[in-house]
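Line by line, the protein sequences give chains A and B. So in full-length UniProt numbering, spot 96 of the first sequence is number 96, and the numbers just go up one at a time. So in full-length UniProt numbering, spot 242 of the second sequence is number 242, and the numbers just go up one at a time.
It cannot be assumed that every hint is accurate.
Calculated cross-link-like contacts (lysine-lysine; reagent style DSBU-like; alpha-carbon spacing at most 35 Å) [claimed, not checked]:
(1) B:K145 with A:K11
(2) B:K350 with B:K145
(3) B:K71 with A:K11
(4) B:K12 with A:K116
(5) B:K97 with B:K23
In silico negatives: residues of chain A with every beta carbon more than 12 Å from chain B [as the list claims (entries may be wrong)]:
(6) N3
(7) K11
(8) T14
(9) H37
(10) V52
(11) N53
(12) E71
(13) T104
(14) P119
(15) V126
(16) G152
Don't read these hints as lab results, they were simulated from the structure. For glycine and all other residues, C-beta sits at the position ideal for the given N, C-alpha and C.
Residue-level listing of the chains:
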Amino acid sequence: MTNVTMTVNGKSRTAAAEGRTLLVDWLREGLRMTGTHVGCDTSQCGACVVHVNGVAMKSCSVLAQEVDGAEVTTIEGMANADGSLGTIQQAFQDYHGLQCGFCTPGMVMSAAALLKENPRPTEADVRHYLEGNICRCTGYHNIVKAVMAASGQQVAPVAAE
Amino acid sequence: MPKDTGIGASPKRREDVRFLTGKGRYTDDINVAGQAHVVFLRSDVAHGRIKSIDTSAAEAIDGVVRVFTAKDFEGVGGIPCGWQITDRQGNPMQEPKHPILAEGKVRHVGDPIAAVVAESASIARLACEAIEVDIEALPAVVDMKAALSDGAPKVHDDLTSNLCYDWGFVEENRDAVAEAINSAAHVTTLELVNNRLVANPMEPRVAVGDFAAHDQSSTLYTTSQNPHVIRLLMGAFVLGIPEHKLRVVAPDVGGGFGTKIFHYAEEAFCTFAAKQLERAVKWTCTRSEAFMSDAHGRDHVTKIELALDADNNFTAIRTETYANMGAYLSTFAPSVPTWLHGTLMAGNYKTPLVYVNVKAVFTNTVPVDAYRGAGRPEATFQLERVIDKAARELGVDPVDLRRQNFIREFPYQTPVAVEYDTGDYDATMDKLLSMIDRDGFAARRKESESRGKLRGLGINCYIEACGIAPSNLVGQLGARAGLYESATVRVNATGGLVVMTGSHSHGQGHETSFAQVVADMIGINEDQIEIVHGDTANTPMGMGTYGSRSLAVGGSAMVRATEKIIAKAKKIAAHIMEAAEGDIELKEGRFTVAGTDKSLAWGDVTLAAYVPHNYPLTDLEPGLEETAFYDPNNFTYPAGAYACEVEVDPETGQVQVLSFAAADDFGNVVNPMIVEGQVHGGLAQGIGQALLENCAYDENGQLLSASYMDYAMPRAGDLPMFQVDHSCATPCTHNPLGVKGCGEAGAIGSPPAIVNGVLDALASGGHNVGHINMPLTPARVWAAMQG
Ligand code: FES
Ligand code: FES
């Protein structure tokens, strides 16, 4: 066990990690930040997506020790400074882009990375970018709408299509 | 005008804020001080005799607390089955024991053999590898028909065969149906497979057992759709813990889709081990483990015959289905291919004679039980496929053939026991056709052809039975449980309410929609109402959430309890305002006396209930809290019409879904936004079944699709935007909200639309293919096109 320190959502945080400790376990067990989820063991579902030094990554496929010193943003760091929902989070609520909420942290983090790369994505762009994030509840329809709305594009309102 | 509050409005979901900020509290987020972790050693052979288990090396590993095997469970019950089917001869089904850890034999890949409790999950995992198990592999039975053949290896040595039951429905109609088929002008026959699926809620199952030595009580935190059912099954039948010493908590649950209804061995294990060790024991399922331990869904092999007279009226339907039970009977498994399937075989059509035969079979595979729709997707798929095939054989329009046979008079007594209370199948079909521009299809097909693609249009109807279920009826049918629902409404002194429901929300948004209903009844703001669910310690006994029942049954209980609250509050208001009780009205949160300008605010009356100074104490108890149990007197019958357009690449067999439209009749709708979301999710699962998903075993019982590398989950790029409509509403006639339920429709109605669409596309290219089994992978479609 060695101590690993990262800047998580703007705050310096330290917790122990074994050589084999995954970033997601370090966050969930080490820091007790349970917003980041684990949905698979083959790096395929995207429930665990966080940003490491500004890049979206599956935190189940990164060792904590590998990213010692990194800047990490998780779902817990996505709200506005006053605690209100950030733009993407708000769009997910406004367009009913979540049901059980389990895939949601990863979806929001992936969507944030997409919009940074591509501020006005088409529907096809959104669907393509989210290939690594599985949602079993929503059928993606409202997730796609939420991401497009978060990018400032006009989308049909919920329940009036 | 869309409403912005109460019933019919789409307020934003209150639960979203915690989910969007990482503050959800799922079972794996719960850690109990001092907890140990358990990892199960699971069988890697499908069938074998356990000759010996040596745990000594595992026990010697530092950090291992204890290793459990079957011998630690002597005197402990097996996992019970909640439904008993009676076979064609009137005998009960064969019901094998389902031990917590394998006794003597392993019966499927994933069957737990031993459990290691250790200081950490990684130590437990390591120790599992140190357990020495000597298993003599036995030949496995995987194929259902082979499992029933003479001399087939038996999954359970103490049963007479691998046949769980041979069920006929309606048995008295058997000969009349045969006669109608023999004398029909036309008979269309179809053999098909309803592919085995894995529900795959994104949150894997988790269980945390805890034990309090000071009062000898147990607590189980678990990923369940029905904590009270788990408490009853596990407490009464497995571990012998009375309800008052057992609390079951299902906190935020990350999707269920049926597979989190059932009581699982891991739940009983954690509760049992926590008591033995006097410390909490936590189990977190990995996804790979989920594939081999979560109950699977579907897996039917069916032959259906549809008889028509010379005018194309349906005269009889006969089906023969083999339904896979897997190695043990999961909680509701026997009911799925029988009462949840046979009773829907009339569909939306006035077919006078129906006979359904189902042979349920034990195999060396994971147990199979309810998955979104449970039995009803299987019924809809066969029926809507055979009708499409008949239309093609007879050269008639598939929509016309359906319409000609629609049921139009309600209530309608079907020949398969159920009575549809209300519906309007023409209305949903008309609505659907208005959504899809059928007239423009020919031009769109030409356009696809100009790009070398084949375009198809698939249309079908569906009906389902929801709002499960009248207790006395299901009791007669073999259910070992009642299927009512409950609600307690507690009004606080200052006017806020807590509604405690026995149903459970795991994505459906009950905290929002249930509050809408109560707010509407009283005329107060939704934010004055808290919805509490998921903890047996603070909710009345209820049966949980599945079968699109929460609003129809749980919502009705809540309405009844709120009605009692309002009735009592009116009495209090009448006393304070010195008026006759019958003159009191409650509107927009104020009590008024008819014909006067006297009024009292809601909060004045609720305060009086708890500070009863000016109060009719001789006639009325203080306080304002009521409970209601609601037992429905019929099922509800959501129905609708679905259509999709698909494009097939004739070079590769690749299918693309271009559009999907759903016209549903859900009766009244409380929150249209949530309802549409439920339909979207159901459609994705149905399209997933039709095109992508398949749980595959090889002939030795090895699970071939045990991860997301091999099991194709629908992803964003596989699906189109959906067109959904629920404006054709014939309200349910027998529950107070007039609601029917919407959770399963999408998954039930969509698979036949996709297959019908693909076959239509192939036909346009000159490939007259009678059927392709799901999933319609490029390889299967391409092979079908080669003849
Ligand atoms: S947990 Fe599934 S991709 Fe990381
Ligand atoms: S909201 Fe449940 S998995 Fe996406």
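Results of checking the hints against the structure:
no.: 1; hint: B:K145 with A:K11; in the structure: 62 Å, violated
no.: 2; hint: B:K350 with B:K145; in the structure: 32 Å, holds
no.: 3; hint: B:K71 with A:K11; in the structure: 51 Å, violated
no.: 4; hint: B:K12 with A:K116; in the structure: 26 Å, holds
no.: 5; hint: B:K97 with B:K23; in the structure: 41 Å, violated
no.: 6; hint: N3; in the structure: 18 Å, holds
no.: 7; hint: K11; in the structure: 14 Å, holds
no.: 8; hint: T14; in the structure: 20 Å, holds
no.: 9; hint: H37; in the structure: 7 Å, violated
no.: 10; hint: V52; in the structure: 17 Å, holds
no.: 11; hint: N53; in the structure: 20 Å, holds
no.: 12; hint: E71; in the structure: 17 Å, holds
no.: 13; hint: T104; in the structure: 5 Å, violated
no.: 14; hint: P119; in the structure: 19 Å, holds
no.: 15; hint: V126; in the structure: 7 Å, violated
no.: 16; hint: G152; in the structure: 19 Å, holds
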